[in-house]
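Engineer: Residue numbers (our numbering), protein chains in the order written: chain A, 1 to 70; chain B, 1 to 145.
Take these hints with a grain of salt, some might be off.
To be verified - Some chain A residues well away from chain B (every beta-carbon gap over 12 Å; in silico): (1) Ala-10; (2) Asp-24; (3) Val-30; (4) Lys-37; (5) His-64.
What the hints assert, rightly or not - Subject to a maximum C-alpha distance of 30 Å in a straight line, what follows is the list of computed DSSO-like cross-link-like pairs (lysine-lysine): (6) A:Lys-6 - B:Lys-143; (7) B:Lys-143 - A:Lys-37; (8) A:Lys-47 - A:Lys-4.
Quick caveat, the hints were computed from the structure, so don't treat them as lab data. Ideal placement from N, C-alpha and C gives every residue a C-beta, glycine not left out.
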Amino acid sequence: MNNKLKVLRAMRNWSQAELADRLDVSRQAVNAIETGKYDPSLPLAFKLARLFDMPIEDIFDDGHEGNDND
Amino acid sequence: MTDADISKPRRRMSPRQKRYWTSLGLAGVIGGIVGGWMVADQANAPHSIGAIFSGALTPGFAMGASAAWVIGLAICMIIYHRAIDDHEEHAWLWASLAGWYAFIFPAPVWWVLHRAGMAPPAEAMILFVFSLVVNCIVYLWLKFR
Chain A
1 MNNKLKVLRA MRNWSQAELA DRLDVSRQAV NAIETGKYDP SLPLAFKLAR
51 LFDMPIEDIF DDGHEGNDND
Chain B
1 MTDADISKPR RRMSPRQKRY WTSLGLAGVI GGIVGGWMVA DQANAPHSIG
51 AIFSGALTPG FAMGASAAWV IGLAICMIIY HRAIDDHEEH AWLWASLAGW
101 YAFIFPAPVW WVLHRAGMAP PAEAMILFVF SLVVNCIVYL WLKFR
């Protein structure tokens, strides 16, 4: 699953460690999500969405095109 | 100290991180105590690699080490599983599954080969260590790749 985490983090000038602290996860977790090696759980995705004040679907993209309201 | 340093939030361990390192530290201390006790228990035994792994142990050590392993491991695991994040839990679960497979695939094969006179008796500790090694490799790969 693609995501904009690296871009959103860079826009706020946060390091991976700083973002990890804000989410209360390990730096390895942030790195794994950013590089697409790990898809976060729904609670962690919601935490990210709240932190960046964005809807989850604006952060994560499952590559599925079409109407979101299908 | 520069302005940039002052503006950076001071990084303290969160309660989750404290629980995490407590569980690992406690596991290390218990392992160190049991290992040291085992060496002391075999101080009068002949010094060889074979003696370390299969030499006779005193009943006192056997009971104490067993209790430390079971109770200590249970306490460490409870603290650990309350402390790990999503990503580590994911690594742990897949590593545990891989470790389980590393046990259930070879164990019956070894057992039937032995019963057919084609292999020595199945060694529980060899299977245990093999399972543990597979578990560790998969865990480290998923956590740090």
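Engineer: Are the hints correct? Go through all of them and say.
Structural biologist: Structure-based check of each hint:
The beta carbon of Ala-10 of chain A sits about 17 Å from the closest Cβ of chain B, which is more than 12 Å, so the claim that it is off the interface holds. For Asp-24 of chain A, the non-interface assignment is contradicted: its Cβ lies about 5 Å from the closest Cβ of chain B, within the 12 Å cut-off. Non-interface call for Val-30 of chain A relative to chain B: violated, since the shortest CB-CB distance, roughly 9 Å, does not exceed 12 Å. Some Cβ of chain B comes within 12 Å of the Cβ of Lys-37 of chain A; the nearest lies about 6 Å off, and the non-interface call is violated.
Annotated as non-interface, His-64 of chain A keeps its C-beta farther than 12 Å from every C-beta of chain B; the closest such distance is 22 Å. Only pairs whose Cα atoms come within 30 Å are accepted, and Lys-6 of chain A paired with Lys-143 of chain B is accepted, the gap being roughly 19 Å. In summary, the hint linking Lys-143 of chain B to Lys-37 of chain A is supported, as the alpha carbons are separated by about 10 Å, within the 30 Å threshold. For the suggested pair Lys-47 of chain A and Lys-4 of chain A, the alpha carbons sit about 15 Å apart, so the restraint of at most 30 Å is met.
In this structure, the earlier hints numbered 2, 3, 4 are contradicted, and the remaining ones agree with it.
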